[in-house]
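Please take these sequences and the hints and turn them into a complete structure.
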Amino acid sequence: VRSYRTKGMGGGGWGMPTPDAETHCPACSPILRHMAAKLPLANRLRSLLVCPITGQVMDEQNPPLALPNGRVYSSSALLEMAGAREGQIECIATGETFDFSDLRKVFIS
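Anchor point for the sequence shown: position 109 equals 114 in our numbering, and the numbering is continuous, going up by one each time.
Please keep in mind that the hints were generated in silico from the structure rather than gathered at the bench.
Just so you know, not all the hints are guaranteed correct.
Unchecked claim - Derived DEER-like restraints, expressed as beta-carbon distance ranges:
| hint | residue 1 | residue 2 | range |
| --- | --- | --- | --- |
| 1 | Ala89 | Ile36 | 36 to 46 Å |
| 2 | Lys43 | Gly92 | 39 to 49 Å |
| 3 | Lys43 | Glu91 | 42 to 52 Å |
| 4 | Ser106 | Leu44 | 39 to 49 Å |
| 5 | Glu65 | Ala42 | 28 to 38 Å |
These numbers come from a predicted model, not from an experiment.
Using N, Cα and C, we set each Cβ at its ideal position, and we do this for glycine too.
Spelled out as structure tokens, the structure:
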């Protein structure tokens, strides 16, 4: 069983502050701010999306797909799951089941 912190880091959940940073940015949270203070700053010109199922980067060769519940996973992970489950996808976060045809492409700008 992975901790929420490990899941957040593996899923690319550690991001830049946003207008609602107090609730969505772990590094901005009053509870976790002291832990984040010791971490080096990211020096990236581009963000990376990492699939929480495979740990692979989601990019042009492995594009992200969104489930109807809004969760996003890599196309390679979902294609493999659909092949093993007769076209059905199970969300690893919620346990909900969807048909592969219900997935939507995600475009990152």
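Please test the hint of 28 to 38 Å on the beta carbon pair from Glu65 and Ala42.
Holds, since Glu65 and Ala42 (Cβ atoms, about 36 Å apart) stay within the stated range.
Range agreement (Cβ of Ile36 with Cβ of Ala89, hint 36 to 46 Å)
holds, 39 Å
Cβ-Cβ distance between Ser106 and Leu44: within 39 to 49 Å?
holds, 41 Å
Check the following: the C-beta atoms of Lys43 and Glu91 are separated by a distance inside 42 to 52 Å.
holds, 48 Å
For the range 39 to 49 Å, tell me whether the beta carbons of Lys43 and Gly92 fit it or not.
The hint (39 to 49 Å, Cβ to Cβ) holds, given that Lys43 and Gly92 are roughly 46 Å apart.
Checked against the numbered hints given earlier, the structure satisfies every one of them.
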